[in-house]
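A.B. asks: Here is how the chains run, residue by residue.
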Amino acid sequence: MTSRFATADSDRISNWTLTNKRREALAGYLFLAPYLVFFLVFLAGPVISAFVTAFVEWELLRGTYRFIGLENFQLIMEDDLFWIALGNSLYFALMTTVGNVVVALCAALALKSIRLGHTLFRIAMYAPVVLSISVIGIIFSRLLAPFGLLNAGLELLGHKGFNYLADPNLVLPSLSLTTIWWGFGFPMLIFLAALYAVPETLYEAARIDGAGRRQILWQVTLPLIRPALLFIIVTQFIAHIQVFGQPYIMTNGGGPGYSSYTIVLHIYRNAFSYYHMGYAGAMALSLGVVMFVFALAQFRLLGRYTEY
Amino acid sequence: MHRDTRAILLKRLNKAGAYAFLVILLLIVLFPTVWVLGQSFMPEEQILKWPVQIIPREPTLDNYVEIFTTKLSRQELSLFRWLFNSFYVTTSSTIGVLLVTSMAGYAFARLRFPGKQLLFFGLGASFLVPGVMLLIPSFMLMRALGWIDTHHALIWPPLAGFFGVFFMRQFFLAIPSELAEAAVIDGASAFGIYWRVFLPLSRPAVATLGIFTFLFIWNDFTWPLVVLNSDEMRTLPVGLVVFLGEYWSYQGIVMAGAVVSSAPVLIVYIIFQRQITRAVMATGFGGR
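Each protein sequence line maps, in turn, to chains Y and P. Using the working numbering, you'd call the opening residue of the first sequence number 1 and step up by one each time. Using the working numbering, you'd call the opening residue of the second sequence number 1001 and step up by one each time.
No lab work stands behind these hints: they were computed from the structure. None of the hints are false.
In silico lysine-lysine, BS3-like type, Cα no more than 30 Å apart, as pairs:
#	chain 1	residue 1	chain 2	residue 2
1	P	LYS1015	Y	LYS112
2	P	LYS1049	Y	LYS160
3	P	LYS1011	Y	LYS112
4	P	LYS1116	Y	LYS21
Next up, chain Y with everything else stripped away, as it sits in the complex (with noise of 0.2 Å):
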């Protein structure tokens, strides 16, 4: 079987033997040795343990730890908090992952069509990304308090303004809006780069049989995007659905009430603050495991898509 590894640069020495062969092998098992390792602790372990954990009942505080079969799950069953916070967090995840996507794409779009400033736009867009959560949360909640920039921004325009973070209505919206200013230039460079790629003889093509601009964009660019498209969608739903810092910093951890209460903070906050690790672990699992469906999905859809 020849794999798409075969690259062996011995390969093309003429003295080719079993015992440089052999001698190949156990080079690459060295050289992979201590990755492995690393690799082996911190993430095949815990990834292990985090199956274990969700069936024990662990109390840090009290030191108990005992099997207690599926009793973590039906307790999350009647959670309401853990209820409220997945609400919470899909209705942000949504929010963010739609708007994303559409101010990456049209500011890609953008992009593609001009030449002059083109390097200027796109380094500043990109450069919040860069930039911490703690830093984007400490300059927000300045921006968004009921005497912010824009309130004051508002007032010129003859409103009295919002308070955006102490709405239990706008909360939600206004932590989306902070996340999409700080991330959209990530997305914005992927669908950049799929626009590249799209070959300009297939828009001279459509042009040539009489399509319109809208016709172009939607039954030529979307249609050959599409694995990008996927790919955002997706990674930027998992990431999403797992907000954390944003209202750690800007509501006080869930505030107005539990308005932008998460699930990662109801996680959080029952590992770290009640040290039920066994119920905290096993809402980390169930979360996890969907997400991960969630991505093999997307990778095999790729894998079909890719193929154009």
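Assemble chain P onto chain Y, guided by the hints.
C.D. replies: Showing chain P alone in chain Y's frame:
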């Protein structure tokens, strides 16, 4: 002829629309930045004025002096301590990641051994494991190792990340075999070929991976929040949130803190923006 002029006009309109959209977006991105910078140089009296002021009338460095000289919390620490912690943790971890993952990437790209494909895809599956699932077990592991509230907890776990292995493998695969042949004929060892031929040739890839890793670890918030609990061990992003909690009412100081902690990453970004952009576009990695 009529059709042509119409087409040209439409094309111009298109371009104008694209520019209008990009300029608005650029303003939305820049305006908060300008405001933050402005406020960080403003005396508190001007900050409290309504409507909000953008340009400092009498620029002052007081806010910056304050955040660097004030003793934070009970431990007599200054912001320098967190800045140092962040630098120490980030550089150590980045060096480790570069060494370990480039070696593994080399094995996958250039050496043949039984079980290679299986291993590659097995390790690659870890890409799909969401962070939230690892949070609690990793915390328990740190406890078991006695690494809670130590910098080990931040330095070592990133070395298990698969992205570096994948990234370096892609780069090593693209290097022509002829370059390695000479070294093989000269009787260089496998490690010699990696160290003296492949690593120097892949300097751009190593740099890019290094920048990514640096930004990723520097900015991390959740993990250091979970594993560090004393003020003197904290990294800058977490320290900032804790510290600014105490100074919350002094907006100028808060803003100066935001500027100081984003300056290092923004400088790295501006210097290496070309490599970063290229790597993001090629690998689909670098977002959140």
